[in-house]
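Chemist: One-letter residues, chain by chain:
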Amino acid sequence: MGPSFLAPLIVSGTLALTAPRLAARLAPRPAAWALATAGASAATTWLGALALLAFTGFGQIRAVADRGLWSVWYLRSQEPVSRLGAGLCGLLLLLGVALVLRASWRRGRVLLRARHRCRTLPVSGDLAVLDDPVPEAFALPGAPGRVVVSTGMLRVVAGVELAALMAHERAHLRHRHHRFLLAYQLCAAACPLLRPLAREGAFAVERWADEEGARAVGDRAAMARAVGRAALARKTDPGPEVLPAATGGPVPRRMRALLAPPPATRRAPLAAAATLALGCLVSLGFAVHTTDDLFRAARHAYVQRHPGAAGADGGHD
Amino acid sequence: MTERQAPGRRRAAGQLEGVVLAVLWAAGGPLTASQVNALLPGDLAYTTVVTILSRLHDKGVLRRERVGRGYAYAPVRDEAAHTASQMHSLLQRGSDRGAVLARFVSDLTDEDEELVQRLLAAHGDPGHHAPGRRPRGHHTPDHIDGHSTPKG
Numbered sequence: 028m029g030p031s032f033l034a035p036l037i038v039s040g041t042l043a044l045t046a047p048r049l050a051a052r053l054a055p056r057p058a059a060w061a062l063a064t065a066g067a068s069a070a071t072t073w074l075g076a077l078a079l080l081a082f083t084g085f086g087q088i089r090a091v092a093d094r095g096l097w098s099v100w101y102l103r104s105q106e107p108v109s110r111l112g113a114g115l116c117g118l119l120l121l122l123g124v125a126l127v128l129r130a131s132w133r134r135g136r137v138l139l140r141a142r143h144r145c146r147t148l149p150v151s152g153d154l155a156v157l158d159d160p161v162p163e164a165f166a167l168p169g170a171p172g173r174v175v176v177s178t179g180m181l182r183v184v185a186g187v188e189l190a191a192l193m194a195h196e197r198a199h200l201r202h203r204h205h206r207f208l209l210a211y212q213l214c215a216a217a218c219p220l221l222r223p224l225a226r227e228g229a230f231a232v233e234r235w236a237d238e239e240g241a242r243a244v245g246d247r248a249a250m251a252r253a254v255g256r257a258a259l260a261r262k263t264d265p266g267p268e269v270l271p272a273a274t275g276g277p278v279p280r281r282m283r284a285l286l287a288p289p290p291a292t293r294r295a296p297l298a299a300a301a302t303l304a305l306g307c308l309v310s311l312g313f314a315v316h317t318t319d320d321l322f323r324a325a326r327h328a329y330v331q332r333h334p335g336a337a338g339a340d341g342g343h344d
Numbered sequence: 700m701t702e703r704q705a706p707g708r709r710r711a712a713g714q715l716e717g718v719v720l721a722v723l724w725a726a727g728g729p730l731t732a733s734q735v736n737a738l739l740p741g742d743l744a745y746t747t748v749v750t751i752l753s754r755l756h757d758k759g760v761l762r763r764e765r766v767g768r769g770y771a772y773a774p775v776r777d778e779a780a781h782t783a784s785q786m787h788s789l790l791q792r793g794s795d796r797g798a799v800l801a802r803f804v805s806d807l808t809d810e811d812e813e814l815v816q817r818l819l820a821a822h823g824d825p826g827h828h829a830p831g832r833r834p835r836g837h838h839t840p841d842h843i844d845g846h847s848t849p850k851g
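Here the protein sequences line up with chains A and B, keeping their order.
Mapped onto this note's numbering, the consecutive letters of the first sequence carry residue numbers 28 to 344.
Mapped onto this note's numbering, the consecutive letters of the second sequence carry residue numbers 700 to 851.
Hints are computed from structural coordinates only; laboratory data are not their basis.
Computed from a predicted model, the values in this text were never measured in an experiment.
Think of the CB as a built atom: it goes at the ideal place given N, C-alpha and C, for glycine as much as any other residue.
A few of these clues could be false.
Partner residues are not named here, just some residues of chain B that face chain A (Cβ under 7 Å, in silico) [to be verified]:
id, residue
1, Gly713
2, Gln714
3, Leu720
4, Trp724
5, Leu739
6, Pro740
7, Leu755
8, Ala780
9, Gln785
10, Met786
11, Leu789
12, Val799
13, Val804
14, Ser805
15, Leu807
16, Asp811
Every beta carbon over 12 Å from chain A, so not counted as near; a handful from chain B, in silico [as the list claims (entries may be wrong)]:
id, residue
17, Pro729
18, Ala744
19, Thr746
20, Gly759
21, Leu761
22, Gly767
23, Arg768
24, Tyr770
25, Phe803
26, Asp806
Footprint (simulated), chain B over chain A, 3 or more residues, beta carbon under 8 Å [what the hints assert, rightly or not]:
id, region
27, 136-149
28, 200-210
Use the sequences and the hints to build the structure in full.
Modeler: Spelled out as structure tokens, the structure:
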């Protein structure tokens with residue numbers, strides 16, 4: 028019984044760990060899509076497999092088994108995991124669901140607050156200026172979306188570089204990159220194994236916008252300089268509490284990519300990621316099927332032991 | 700730039716407004732239309748700049764003062780400064796905030812700082828204000844902050 032429940036966990040774990048490496052070899056746009064798809068399938072499979080395993084333990088509770096007309100004795104003889112294991116899976120599942128809810132709530136709250144606070148900013152076109160010496164620039168999604176840039180940023184980035192920065196932020200808005208970021212964050216909340224995938228996804232989205240910005244101004248080096256100068260200015264002009272970068276070096280990586288020729292389209296890593304994502308869902312399907320078989324057999328065993336229940340059961344089989 | 704239909708042109712006009720506002724915010728003090736024009740990338744007609752400036756003034760984004768026969772414009776500061784402190788605390792509280800609002804750059808480690816400096820130096824940019832900032836093919840003062848402000 029074990030393998031069919033183990034497979035989804037193993038395949039989704041493999042996908043979680045290999046997808047970031049595969050994506051690093053792709054152009055940013057397909058990488059962002061591949062990571063979102065891989066993350067969603069891995070997270071679904073992970074939570075789904077946990078739910079199935081937890082349910083096999085849950086079904087062995089006497090009151091539940093009597094309600095479902097399942098033979099506890101049969102379930103125990105076949106149990107795919109120990110009851111302790113099933114309980115653990117149930118806890119992980121609840122934790123995952125709780126973290127997903129918390130992440131979406133927090134995200135929504137930050138977005139609403141940011142929108143509310145930026146509503147009063149002086150706006151011209153799609154640019155809203157924040158009178159803050161700390162260099163800051165971000166895309167604020169909504170209808171209409173806004174590019175928010177601080178005066179500190181306007182003092183260090185100007186001319187073509189500012190045009191590149193604006194084009195970068197507009198690319199975030201145009202391609203709805205906040206939805207990608209939401210997907211990555213929720214995946215990471217559902218399954219801690221997906222955290223590296225979420226980080227790589229956020230990076231891919233930045234690279235995607237970098238490429239669009241570079242194309243808009245027709246100057247890759249200008250986009251690279253804008254990124255570098257903005258990052259340096261943040262460093263030399265620290266706010267009250269600059270957080271140490273936990274990710275370790277996305278800025279130089281972005282600059283190097285921009286100073287190199289545009290990334291080529293590659294199919295092999297994309298195909299590998301797609302295969303693994305499909306493998307996830309197929310293995311989850313098998314696990315669902317196995318669980319279904321298990322509970323059917325348990326009901327059959329129950330009915331044989333309690334012939335009186337046959338009538339109640341008749342409608343179902 | 701693709702400018703096919705009216706919506707495209709309207710968007711381009713909006714983007715131009717943004718660039719003008721950016722120049723005024725980066726400048727230390729009020730600027731006249733011709734000073735703004737000199738700082739803008741590309742060849743814009745003087746009258747276009749005047750139109751954009753007076754439109755932004757009508758929206759209440761800019762304030763203006765008489766200088767000679769024309770006006771010098773500067774951004775209206777109060778709302779922007781108030782919001783800035785609020786946004787600052789929102790962005791600084793917790794690392795996940797940065798992930799919500801796709802920020803342009805993340806913070807650098809010390810090693811990355813050196814690397815970025817080397818990359819900038821290697822690609823035509825030795826100093827803080829260097830020729831690299833200049834829009835292609837147009838004369839633009841390198842140092843916007845130090846630009847002389849009109850005497851009022």
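Chemist: Look at each hint and say if it fits the structure.
Modeler: Hints and how they fare:
Annotation: interface hint on Gly713(B) holds; nearest CB of chain A at approximately 3 Å, less than 7 Å. For Gln714(B), the interface hint holds, since its Cβ comes within 7 Å of a Cβ in chain A; the closest pair sits about 5 Å apart. Because the beta carbon of Leu720(B) sits about 4 Å from the nearest beta carbon in chain A, less than 7 Å, this interface hint is met. A cut of 7 Å between beta carbons decides the hint on Trp724(B): the least distance to chain A is about 5 Å, and the hint holds.
Taken as an interface hint, Leu739(B) does not check out: its beta carbon lies about 9 Å from the nearest beta carbon of chain A, beyond 7 Å. Hint status for Pro740(B): holds, given a least beta-carbon distance of 5 Å to chain A, under 7 Å. Annotation: Leu755(B) was flagged as interfacial toward chain A, and the flag holds, the nearest CB pair being 5 Å apart, inside 7 Å. Hint status for Ala780(B): holds, given a least beta-carbon distance of 4 Å to chain A, under 7 Å.
For the restraint placing Gln785(B) at the interface with chain A, the shortest Cβ-Cβ distance is roughly 5 Å, inside the 7 Å limit, so the hint holds. About 6 Å separates the beta-carbon of Met786(B) from the nearest beta-carbon of chain A, less than 7 Å, and the hint is met. Look at Leu789(B): its Cβ gets to within about 6 Å of chain A, closer than 7 Å, so that hint holds up. Proximity of Val799(B) to chain A holds as hinted, the smallest CB-CB distance being about 5 Å (cut-off 7 Å).
For Val804(B), the suggested interface contact is upheld, since its CB lies about 4 Å from the closest CB of chain A, less than 7 Å. This hint holds: Ser805(B) has a C-beta 6 Å from the nearest C-beta of chain A, less than the 7 Å allowed. A distance limit of 7 Å between C-beta atoms decides the matter here; for Leu807(B) the minimum to chain A is near 5 Å, and the interface restraint holds. Interface restraint check for Asp811(B): the shortest CB-CB distance to chain A comes to about 5 Å, inside 7 Å, so the restraint holds.
Against chain A, the non-interface label of Pro729(B) holds: every CB pair exceeds 12 Å, the least being about 15 Å. Against the 12 Å criterion, Ala744(B) stays outside the reach of chain A, whose nearest CB is about 18 Å from its own CB. Remark: the non-interface label on Thr746(B) is consistent with the geometry, its nearest Cβ contact in chain A lying 18 Å away (cut-off 12 Å). Not every CB of chain A is more than 12 Å from the CB of Gly759(B) (nearest about 8 Å), against its label as outside the interface.
Distance check on Leu761(B): its Cβ comes as close as 8 Å (rounded) to a Cβ of chain A, failing to clear the 12 Å threshold; non-interface status is violated. No Cβ of chain A approaches the Cβ of Gly767(B) within 12 Å, the least distance being about 25 Å, so the stated non-interface status holds. For Arg768(B), the requirement that its beta carbon stay farther than 12 Å from each beta carbon of chain A is met, with the minimum near 25 Å. Look at Tyr770(B): its CB is around 17 Å from the nearest CB on chain A, clear of 12 Å, so calling it non-interface holds up.
Residue placement check: Phe803(B) does not keep its beta carbon more than 12 Å from all beta carbons of chain A (closest about 4 Å). Residue placement check: Asp806(B) does not keep its beta carbon more than 12 Å from all beta carbons of chain A (closest about 5 Å). Check result for the region 136-149 of chain A against chain B: holds, 9 residues qualifying (beta carbon to beta carbon below 8 Å, three or more required). Using a Cβ-Cβ cut-off of 8 Å, 3 residues of the region 200-210 of chain A lie near chain B, which meets the minimum of three, so the contact claim holds.
Consistency note: the structure conflicts with the earlier hints numbered 5, 20, 21, 25, 26.
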